[in-house]
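Residue numbers (this note's numbering), protein chains in the order written: chain W, 1 to 292; chain A, 1001 to 1239.
Misleading hints may appear alongside valid ones.
[Stated by the list, open to error] If you want the footprint, here are the derived chain A segments under chain W, 3+ residues with CB under 8 Å: (1) 1100-1112; (2) 1149-1156; (3) 1195-1205.
[Unchecked claim] Okay, derived cross-link-like pairs now, DMTMM-like style, lysine to aspartate or glutamate, Cα gap no bigger than 20 Å in a straight line: (4) Lys124(W) - Glu1202(A); (5) Lys221(W) - Glu1202(A); (6) Lys1208(A) - Asp1039(A); (7) Lys1208(A) - Glu1053(A); (8) Lys124(W) - Glu1063(A); (9) Lys1208(A) - Asp1099(A); (10) Lys221(W) - Glu1049(A); (11) Lys136(W) - Glu12(W); (12) Lys1169(A) - Glu1229(A); (13) Lys1210(A) - Glu1068(A); (14) Lys124(W) - Glu1189(A); (15) Lys1208(A) - Glu1042(A); (16) Lys124(W) - Asp1204(A); (17) Lys9(W) - Glu1178(A); (18) Lys9(W) - Glu1235(A); (19) Lys1208(A) - Glu239(W); (20) Lys136(W) - Glu1202(A); (21) Lys136(W) - Glu1178(A); (22) Lys9(W) - Glu1093(A); (23) Lys100(W) - Asp1021(A); (24) Lys136(W) - Glu1053(A); (25) Lys1230(A) - Glu239(W); (26) Lys1056(A) - Glu1178(A); (27) Lys1237(A) - Glu1042(A); (28) Lys1056(A) - Asp1220(A); (29) Lys25(W) - Asp1099(A); (30) Lys221(W) - Glu1068(A); (31) Lys221(W) - Asp1070(A); (32) Lys1056(A) - Asp1039(A); (33) Lys221(W) - Glu1042(A); (34) Lys25(W) - Asp1039(A); (35) Lys136(W) - Glu1093(A); (36) Lys25(W) - Asp222(W); (37) Lys136(W) - Glu122(W); (38) Lys25(W) - Glu1229(A); (39) Lys124(W) - Glu1053(A); (40) Lys25(W) - Glu1206(A).
Source of the hints: derived by calculation from the structure; they are not laboratory data. A virtual CB, placed ideally from N, CA and C, is assigned to each residue, including glycine.
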Amino acid sequence: MFAACADPKTIEGLTWLSCYLTSGKHLDFYWSFVTVLLLLAVTAPAALAMGFLGASAARSRLLPVSIMGKGYAAVVRGVPDIVFFLFFVIALDQGIEYLKSLAVCADHTWPWQGLEFRVCPEAKVPLGASSAFWHKAYGFGLAVFTFAIVFGAFAANVLYGAMNAVPKAQLETAEAYGMSHGQVFRRILVPQMWVYALPGLSNLWMILIKATPLLFLLGVKDIVYYARELGGSKTQAYEYPHPDWRLWYFLGLLVFYLIFTKVSELVLARLSARLNRGQATAGGEALRKAGS
Amino acid sequence: MKTLLLATALVALSGAAFAQDVVRLGTEGAYPPFNFINDAGEVAGFEREVGDELCKRAALTCEWVTNEWDSIIPNLQSGNYDVIIAGMSITDERDEVIDFSQNYFPPAASAFVGLSADADLKGTVAAQVSTIQAGYVAESGATLLEFATPDETIAAVRNGEAAAVFADKDFLAPIVAESNGELMFVGEEVQLGGGVGLGIRESDTELKDKLNAGIQSMKDDGSLNALIEKYFGPETKKF
């Protein structure tokens, strides 16, 4: 990066360190923090949406829809995350390519031949010839989708409980005023359920933050991958040889995760205070007594 | 704005579709000097040069992909890349599930490395998971301690978790040389496997023929030997 870094083996001390910390691989490492933050920013709303759909479906009066909503939460919550991440992503990837092969391939031989999965080159997603960026974007997309499904199931359970916790009397009063089911749901139930859902959702958010290293299972190079890769001992084959420094890199990650979860806690506490205002809950009562 | 974005995306996609077929080379990126990720974040090492040269000779466009060693064979089979070039020794067990090109690195010695000359080779021995060395240790009667990456096997010896590590001698040699006497070779060297070859799907015979021809031509004109000497030193066995 700097002119002084042209020959790293001749420099020492602080110059060496500054060159080392700005090497191409370290810049990739810094970018992977952005990847993780981006994943969280996209996954959290997606999982919340999945959860909302699941919870609404579970409350439905139509039996099949209700079974589907409850089944989704039960099945996904019951499968260990790591199994889900390993199996589901491969199945999803091969499923997408199989469907595409039906549309674009000339011959329709069954793609699962023994141990191999084989579709014509045109059906590959992304195409073999597309740039590395598309391969990365596709892997990232699969990751977001999988995270959304897994955490959506937990969110569905939380929201389902929260919807049931809204006092029945309020819903009945709304109906007595002549509101339809949809109106009761939109005007009375949804605005009030958040205060009951927030403790569960904030728990989920914390678990989601800590679950991001699962990204590596999906082939997305995240901060844990880079910490392990950069920290491992390096011989003279590398430009910056050094002994085993994994401890320092993991310590750095530890600090990052602690700061991140601490900031999240502060934000969630404010949000909780805001939602509790004027509610007939213990939190709302405490706010009333404090006079705010 | 939307149409503009869409148009750019379409141009990018169609451009990619018209380019000639790309062969994706899968490697581990953690096994110097065979293959490693250099400080610029790119795949480097002996296999990077061999792979690039083979692609040039076979007139293929190649792209490098890294994949965990653990799942490197399953991901070849599901088509995430087309060639494994990761210091993989040719063995009968692997040959049952994938195909190998002819070897581009001669059958090499594996060796033990420990902290002292009297390290107990029948005690706990570290090796990387799913390697021929791990199989050898398991059969030798020693307690096998497996790790996902080669680097962790060395760390296990350094912190005393294992008495010795068993791996390719060519991988261990620079580590021993640079350890300031902390690490040393212990016991006898062992000959394992049929050399290092490229892993290819069994159905990809056309690609296999092209790569085999490329390796043969590199053997014939001595360029492969020159690369081996460049990365592994003058004493290494050559073709």
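Going down the list of hints, with the structure as the test:
no. : hint                    : verdict
1   : 1100-1112               : violated (count 0)
2   : 1149-1156               : holds (count 5)
3   : 1195-1205               : holds (count 3)
4   : Lys124(W) - Glu1202(A)  : holds (18 Å)
5   : Lys221(W) - Glu1202(A)  : violated (29 Å)
6   : Lys1208(A) - Asp1039(A) : violated (32 Å)
7   : Lys1208(A) - Glu1053(A) : holds (15 Å)
8   : Lys124(W) - Glu1063(A)  : holds (16 Å)
9   : Lys1208(A) - Asp1099(A) : holds (8 Å)
10  : Lys221(W) - Glu1049(A)  : violated (24 Å)
11  : Lys136(W) - Glu12(W)    : violated (36 Å)
12  : Lys1169(A) - Glu1229(A) : holds (15 Å)
13  : Lys1210(A) - Glu1068(A) : violated (26 Å)
14  : Lys124(W) - Glu1189(A)  : violated (45 Å)
15  : Lys1208(A) - Glu1042(A) : violated (25 Å)
16  : Lys124(W) - Asp1204(A)  : holds (16 Å)
17  : Lys9(W) - Glu1178(A)    : holds (14 Å)
18  : Lys9(W) - Glu1235(A)    : violated (25 Å)
19  : Lys1208(A) - Glu239(W)  : violated (34 Å)
20  : Lys136(W) - Glu1202(A)  : violated (27 Å)
21  : Lys136(W) - Glu1178(A)  : violated (36 Å)
22  : Lys9(W) - Glu1093(A)    : violated (43 Å)
23  : Lys100(W) - Asp1021(A)  : holds (19 Å)
24  : Lys136(W) - Glu1053(A)  : violated (26 Å)
25  : Lys1230(A) - Glu239(W)  : holds (16 Å)
26  : Lys1056(A) - Glu1178(A) : violated (35 Å)
27  : Lys1237(A) - Glu1042(A) : violated (28 Å)
28  : Lys1056(A) - Asp1220(A) : holds (16 Å)
29  : Lys25(W) - Asp1099(A)   : violated (33 Å)
30  : Lys221(W) - Glu1068(A)  : holds (11 Å)
31  : Lys221(W) - Asp1070(A)  : holds (16 Å)
32  : Lys1056(A) - Asp1039(A) : violated (25 Å)
33  : Lys221(W) - Glu1042(A)  : holds (14 Å)
34  : Lys25(W) - Asp1039(A)   : holds (5 Å)
35  : Lys136(W) - Glu1093(A)  : violated (32 Å)
36  : Lys25(W) - Asp222(W)    : holds (13 Å)
37  : Lys136(W) - Glu122(W)   : holds (19 Å)
38  : Lys25(W) - Glu1229(A)   : violated (27 Å)
39  : Lys124(W) - Glu1053(A)  : violated (26 Å)
40  : Lys25(W) - Glu1206(A)   : violated (36 Å)
Violated hints, listed in ascending order, are 1, 5, 6, 10, 11, 13, 14, 15, 18, 19, 20, 21, 22, 24, 26, 27, 29, 32, 35, 38, 39, 40; each of the other numbered hints is respected by the structure.
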